[in-house]
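Asks: Listed here are the chains, written in short residue letters.
Protein chains: 2
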Amino acid sequence: MRPKIVLFGDSITEDSFGDGGWGASLADLLRRKADMVLRGYSGYNTRWALKVMERVFPAAAGDRGEYISAVTVFFGANDACLPERCSGFQHVPLLEYKENLRSIVSFLKNRWPRTVIILITPPPIDEEARLRYPYIENTMGLPERTNEAAGSYAKACVAVANECQISAIDLWSKMQQIPNWQTECLWDGLHLSRVGNKVVFEEVTKTLKEEGIGAEDLVVDLPLIENVDPKKPLRAFDEF
Amino acid sequence: MRPKIVLFGDSITEDSFGDGGWGASLADLLRRKADMVLRGYSGYNTRWALKVMERVFPAAAGDRGEYISAVTVFFGANDACLPERCSGFQHVPLLEYKENLRSIVSFLKNRWPRTVIILITPPPIDEEARLRYPYIENTMGLPERTNEAAGSYAKACVAVANECQISAIDLWSKMQQIPNWQTECLWDGLHLSRVGNKVVFEEVTKTLKEEGIGAEDLVVDLPLIENVDPKKPLRAFDEF
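Residue numbers (this note's numbering), protein chains in the order written: chain X, 935 to 1174; chain D, 935 to 1174.
Next comes chain X alone, as it looks inside the complex (with noise of 0.2 Å):
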């Protein structure tokens, strides 16, 4: 049975099948190796991502001999909604977020003790371009996130990996050092663009590798062509 990959998160999770997006892009990296799971969820936070992880992440799963290779863990860009603004609902205070970011990694470790655990920070924000697409009503002219309190939040979430002895990709810095990150990496100030999500994909492929489960590491389902004897194929599947 081929290893799963569960991508764990918010809309920028549930968004990476889309053009050019870093999940699909890993599902293809991928290809006869490792299944991608998809489980985004638009505008979660870590405390009702916390509440939904027995649906998420069934028990029987492990039981049943799935094997759960790896877990990325992307949240904190619905946590840092600023409280007093429009999309405040959402905001989750930075230390009940790291509590909640311990509380979903250890579930995970508890359940799955070999999974590699993955967190990826927020990415940054440009403020300006979430005034001009805003996603609920704004009459304050505020924008409902800033780079700053993302920036809290990342550095949040590199703490507790560290802590937990899991990698973590620092995506709010990584992008930055990308010149015009602001709409070179983002769409709407916050969703990615087809850069940032390659930027992603790279990050998370690059950590895969160093976690022992990159593309060389994984071994391809069923014999590829090119190890098919042409002049007695069926050879090749006399096991199966």
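Just so you know, the hints here were simulated from the structure itself, not pulled from any lab data.
As the structure is a prediction and not an experimental result, all values here were calculated from the model.
Incorrect hints may appear among the rest.
You can't tell identical chains apart in this list, so a pair holds if it fits in one copy or across any two.
[As the list claims (entries may be wrong)] In silico DSS-like cross-links for lysine-lysine, where the CA-CA straight-line distance does not exceed 30 Å:
id, residue 1, residue 2
1, Lys-1043, Lys-938
2, Lys-967, Lys-1165
3, Lys-1089, Lys-1165
4, Lys-1165, Lys-985
5, Lys-1132, Lys-938
6, Lys-1166, Lys-985
7, Lys-1132, Lys-1108
8, Lys-938, Lys-1143
9, Lys-985, Lys-1089
10, Lys-1032, Lys-1166
11, Lys-967, Lys-1043
12, Lys-1032, Lys-1165
13, Lys-1089, Lys-1032
14, Lys-1089, Lys-1166
15, Lys-1043, Lys-1132
16, Lys-1140, Lys-938
17, Lys-938, Lys-967
18, Lys-1132, Lys-967
19, Lys-1108, Lys-938
Please arrange chain D on chain X, whose structure you already have, making use of the hints.
Replies: What follows is chain D alone, placed relative to chain X:
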């Protein structure tokens, strides 16, 4: 548990999570509703496919309550290689192709009686492009696949679907209705361009809908953000 849709076929399935790919587009359309399971095997014909059915569709999957709502069966492009040309080792005679498709269908029907099975015919072939993009050494100067042969296999595929009373997508005919299909729908005379991928995506989407498992028919996994009450957000998660 989310229903699964298994995409079973050759390279045109294996490639379907590339940029603009029909598999990724389905995963994106059915986000929060169904999981796409990619089971494409580049170069495979129906003879080899039959050899690996047990491995691709393990009996245990149904036993453990996984629900396979549909399977796309997309073979024929390799079966239709001409026997005396450079890819002759992939060729399967027309009558055996039909018999193999029948066996694949009855295997799936026996295993999961309620699963929707959709046969997809091979696409048309642009012979000129096939000479320009050889997959293996081609010293004869003749294309290893012809559009006429692909057409015979397509017709046979549709006939088997009718006989088995299941849906078929006649891609061979459908694509040739598009002006300049040779370069619009294909990039190397066989594999799909962005437009070609769109055609397959739209046809599969339409067929799923006709079978009662379209995007509107499937249940959304966990509350949508628009159904979370901003005043009492946690109420939406009370039952989980």
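Asks: Hint by hint, say whether it matches the structure.
Replies: Do the hints match the structure? See the list:
For the homomeric pair Lys-1043 and Lys-938, the shortest alpha-carbon distances inside one copy (16 Å) and between copies (26 Å) are both at most 30 Å. Taking the shortest Cα distances, Lys-967 and Lys-1165 sit within 30 Å of each other inside one copy (27 Å), while across copies they are farther apart (45 Å). For the identical chains of this complex, Lys-1089 and Lys-1165 are inter-copy neighbours only, at 29 Å across copies versus 59 Å inside a copy, given an alpha-carbon limit of 30 Å. Taking the closest pair of Cα atoms, Lys-1165 and Lys-985 come within 30 Å of each other only across two copies (18 Å); inside a single copy the shortest separation is 57 Å, beyond that limit.
For the identical chains of this complex, Lys-1132 and Lys-938 are neighbours both inside a copy (21 Å) and across copies (27 Å), given an alpha-carbon limit of 30 Å. Taking identical chains as interchangeable, the C-alpha atoms of Lys-1166 and Lys-985 lie at most 30 Å apart only when they sit on different chains, with a minimum of 14 Å there against 55 Å within one chain. For a Cα distance limit of 30 Å, the shortest separation of Lys-1132 from Lys-1108 inside one copy, 12 Å, qualifies, whereas the shortest one across copies, 33 Å, does not. In this assembly of identical chains, Lys-938 and Lys-1143 lie within 30 Å of each other by CA distance both inside one copy and across copies; the values are 15 Å within and 28 Å between.
In this homomeric assembly, Lys-985 and Lys-1089 come within 30 Å of each other (Cα to Cα) only inside a single copy, at 24 Å, whereas the closest approach across copies is 52 Å. Taking CA atoms no more than 30 Å apart as the test, Lys-1032 paired with Lys-1166 passes between copies only; the shortest distance there is 22 Å, against 58 Å inside one copy. Taking the shortest Cα distances, Lys-967 and Lys-1043 sit within 30 Å of each other both inside one copy (23 Å) and across copies (27 Å). Taking the shortest alpha-carbon separations for Lys-1032 and Lys-1165, only the inter-copy value of 24 Å comes in at or below 30 Å, while the best intra-copy value is 60 Å.
In this homomeric assembly, Lys-1089 and Lys-1032 come within 30 Å of each other (Cα to Cα) only inside a single copy, at 10 Å, whereas the closest approach across copies is 59 Å. Taking the shortest Cα distances, Lys-1089 and Lys-1166 sit within 30 Å of each other only across copies (29 Å), while inside one copy they are farther apart (58 Å). In this homomeric assembly, Lys-1043 and Lys-1132 come within 30 Å of each other (Cα to Cα) only inside a single copy, at 28 Å, whereas the closest approach across copies is 40 Å. When the C-alpha separation of Lys-1140 and Lys-938 is checked against a cutoff of 30 Å, the pair qualifies both within a copy, at 17 Å, and between copies, at 29 Å.
Taking the shortest alpha-carbon separations for Lys-938 and Lys-967, both the intra-copy value of 9 Å and the inter-copy value of 18 Å come in at or below 30 Å. In the homo-oligomer, the alpha carbons of Lys-1132 and Lys-967 lie at most 30 Å apart both inside one protomer (21 Å) and across protomers (25 Å), since each shortest distance falls under that limit. Proximity of Lys-1108 to Lys-938 under the C-alpha cut-off of 30 Å is restricted to the intra-copy arrangement: shortest distance 26 Å within a copy versus 35 Å between copies.
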